[in-house]
Amino acid sequence: MQKFANPARFLKLAETLLPPIWGVTILAFAAGLYMSLVTAPPDYQQGETVRIMFVHVPAAWMALMVYTSMAAASIMAAIFRHPLADMAAKAAAPIGAMFCLLALITGSLWGKPMWGAWWVWDARLTSVFVLLLLYLGYMAVWQAIEDPHRAALIARIVAIAGFINVPIVKFSVDWWNSLHQGASVFRMGGPTIDARMLWPLLIMALAYTLLFVGLLLVAMRSEIAQRKLRQLRLAGIEGR
Amino acid sequence: MDWNAAHIDFVIAAYAVSFAGLAFLMVFILLRDRKLKRQIATLDRERDRRDG
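Those sequence lines, one after another, are chains U and G.
Going letter by letter, the first sequence gives residues 1 to 240 in UniProt numbering.
Going letter by letter, the second sequence gives residues 1 to 52 in UniProt numbering.
If you're looking for bench data, these hints aren't it; they were derived computationally from the structure.
No incorrect hints appear here.
Stretch-level coverage of chain U by chain G, calculated; a stretch enters the list once three of its residues show a Cβ under 8 Å from a Cβ in chain G:
| hint | stretch |
| --- | --- |
| 1 | 37-46 |
| 2 | 49-60 |
| 3 | 89-103 |
| 4 | 110-116 |
| 5 | 217-225 |
C-beta atoms are modelled at their ideal positions from N, C-alpha and C, and glycine is treated no differently.
Only chain U is shown next, with the shape it has when bound in the complex:
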């Protein structure tokens, strides 16, 4: 990882990786949408409404995965002083926040016809809402504190401390009574979901993951550019 600590090397790598990532992302979304809307069968209880799963579940998985990667990057920044680690966490936050928001909205759109309510304050929904607040809090730290070193330090603390919520989200359906269904893919004993529904779900999850990687690379490139811009402006002020 230290090999890519050099921003110039990272930018070169991003430039090489982005075109194939965008290509595979488009293919994955096309295949995932076709399988989700055409080949996947309706559920015997939920009917066509089950198709919301193919956009809701990948968004929820990504919301958890992105926060986990932000916490991991923050730990790397704190221990190894990797210069790109804080940038990676900062760049990932708005992407993760959007996935989290989409998981909440699509969950609500699924909840209304199935549970008869747009929202209930049960453990899973509340813990995902807390995750969204953690994302917003993390982003607010970077916005509110002008000194980038101080902002990075406080943002790291928020990311690492907030990680405690990730296992709470994951196991909330096991620890407390919940309207939300339990795990049916990542569980001991393997998935309980039918293969005709599992494959579209996995392909959509792949598409969301690739989109995240592509957007993260662009957002990190922007962070490097912003840092350079700050240096150029400072040099300009000193040069006058």
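Chain U is already provided as a structure; the job is to place chain G on it using the hints.
Structure of chain G alone, referenced to chain U:
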């Protein structure tokens, strides 16, 4: 997919919201990247002109 099934409007809304949200995110990130690149190029030009 049965377009006349019960609650189909919820399915359509979920897909529409998801893709609108992802498209907004993409446009926001790509435009910011482009804007920053342009600003750096302008500052680089100004610095070169100043330094001769």
